[in-house]
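Protein chains in written order, with our numbering: chain A, 1 to 137; chain B, 1 to 417.
Since the hints were derived computationally from the structure, they do not count as laboratory data. Watch out, some of these pointers could steer you wrong.
Using C-beta positions, here's what the derived DEER-type ranges look like [said to hold, decoys possible]:
no., chain 1, residue 1, chain 2, residue 2, range
1, B, 408, A, 12, 23 to 31 angstroms
2, A, 37, B, 343, 56 to 64 angstroms
3, A, 107, B, 97, 41 to 49 angstroms
All values reported here derive from a predicted model rather than from experimental measurement. By construction, the Cβ of each residue, glycine as well, lies at the ideal position given by its N, Cα and C atoms.
Spelled out, the chains give:
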Amino acid sequence: MSFDPTRDYPLGSRRPDLVSTLAGTPLAEVTLEAVRAGRISARDARATPATLRHQAAVASAAGRQPLAESLERAAELALVPDGELLEIYTALRPGRSTSAELESCAARLDGYGAERTAAFVREAVAVYEQRGLLARA
Amino acid sequence: MRSRRFEARERRELNRELLVSPHPELGLVAAAGPRDPEPELLVESGVVLWLDGRAAPDFDVIDRFVVAHGLDLDVAGEAMALDDVALARMLVDVDVPRSELVRLARGLTPAKLARVIGLLDPVELMLALKKLRARRVPGNQAHVTNLKESPALLAADAAEAARRGFAEIETTVGVARYAPLNAISLLIGSQTGRPGVMTQCAVEERRNLELAFRGLVSYAETLSVYGTESVFVDGDDTRWSKAFLGAAYASRGVKVRFTSGTGSEALMGHAQGLSMLYLEADCLAAVRAAGSQGVQNGSISCVALVLSVPGGTRAILGENVLAAWLDLEVASGNDAIASHSEIRKTAKLMGQFLPGTDFVTSGYSVMPRHDNTFGGGNFDADDIDEWVTIQRDWQVDAGIEPVADDEVLRVRETAAR
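So here's chain A without its partners, still in its complex pose:
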C-alpha cells in the first residue's frame, strides 16, 4: 500500500509496516524481549533516513514547508557520525570558522550525501561573510 502523508500519521500506529530499524528489523519485532536477548542494540532504536523522509512528507502535506525542509536535512544527517555533527555545529557558531573551514564542512556533508545540508552551510558562509560573522583567517 502506498504512503498517504495526509492520513498515515502517526506512522507507528497507522503504518507500522513502513517503520523499521536501520538493520531492517520491522517495528513489530522491536520489543523488550528482543533487547534482553541482545537482538536489538541502541543503534537499532535510532531514527532512520526513511522514517524521517516520511515525516517530512507529512509536514509538507500539512503546509509546514520549513518543518519539512528541516526533517529532510535530518534524514540526510541520520547517518552522519555524532562527532561530525558536533564539529559542524560548533563551526557554524559565530566567529568560529573561516569561509574555507565552513566550505570544508560543506564538502564533508557532500561526502555523506547530505547535499541539502551542505547547501545550507554554503548559504550561511555567504551571509556570515557580509555580516562579519566569520573568524579572521
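Guided by the hints, dock chain B onto chain A, whose structure is given.
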C-alpha cells in the same frame, strides 16, 4: 501624616515588585514601540527587495534567514494586502477556520504580525488563542529536580508528574556531569507513571546534543533565539547554527522546540529601541523558518521584566497567540516566578489557562519549591489543589488531573524501586 491604609498596602507582596514607565529607547515597551518598523514587503520577480523598513542590502542575519526560509511569497501578496483590522477581525471570527489564518500567516512580515496582534484586547486574544491552538487538548510540562540530585527521588517525582497528566517532563542539573544520570532517572520515572510521556534535560547546547545521541532524552527545547543580531551573537549562535542544530536533534529522532520570549533583548541590553512584541514576532518568524515544530514562549525567564512595563501581561498573551498563528505548538510560559502577589500571578495565568494552550505552563514544579533548581518556579506541588479547583470552577481543561493520595504513592514507589 500618612494614611495607615496606604502603609498597610505597602507591606503587601505586590510592593516588592518594581513597576516602571515605558522607556522605548531601552526596549522597555511592551508593544507598538515608536521605533517599530512599518509593515512592508516589496517583491520583484521572486526576490524580496524591501522588508519592514529595510532594503535588501541592509538586511541583517535575521532578515536574511526569514527571507530565505520563512516567508511564503506565494501568499505574501494576498496576505500583506489585507488591512490590519480585517486580519484582526478574522482572528476572532469563529467562522474563519484556523487553516485559513495559518495559511495567511505564512505570508505576513514580522512587523505586520505584531501590528495585528497589538489590535486585540485580552478577551479577543484568548479567543484567538483557543481557536488557533495546534493540539486538540491542552497539556502541561513539569519541572522535576531536587537539591540532592537523588535519582530515586527524581524518578518518583517524574512518575507522579506523568500520572497527573503532564505530557512532557524537564529536568536540569546542579553538577554538569550528573546530566546523563538525571536524564535516565527521568526516563525511567516518566515511563513508569504513564508510557509515552516525553522527557528532556536542560543543559548547555553541546552537552544536550550528546544526551540526544545517547537516546537519553526524547525532546529538546534549549534552542534559544533572539530578535536582534547582536543579542543572538552574544548568545553564541546564528540562525543557521540553530537551524542546523534543530536538524541534528531531529536526525536522532528527538522532538525539537525552540525557545524565545519577550524581554530577552531588553534584558541583554540590545533591544535597539524596538518593542518587546515586535522583537518576538521577529523571533517567531525565525523559529518557523528554522523548521521547528513548536516554540516555548511567554517571556519565560524574563517575565519579571516584561511585567514591570504597562501592557506586559497582555504582550505575553499576544506572543503566545502569534506563535499559534504561525502554526507552532506553544509551551506558553508560566514557569518562572511572574509575581510575588498571588492575585497578580493568577490573573496573568488566566490568559493561558482559560483558552488552554498546548502546554499551559512550560514548567510546573511537581515538587515543593525548595527542591526546584530551576529557580523556584511559579507554581509548585503546594498549588495543585488550587489548579484543579480552578479547572472545576471554570469547567476548563488546563492539563492537570486530580489523583488520589494512595495512587500517587503507588506510582512513586514503583518508579523509585
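Results of checking the hints against the structure:
The beta-carbon spacing between residue 408/B and residue 12/A, approximately 30 angstroms, falls within the hinted interval of 23 to 31 angstroms. Between residue 37/A and residue 343/B the Cβ separation comes to about 59 angstroms, which falls inside the hinted range of 56 to 64 angstroms. For residue 107/A paired with residue 97/B, a C-beta distance near 46 angstroms keeps the hint of 41 to 49 angstroms intact.
The earlier numbered hints are all upheld by this structure, with none contradicted.
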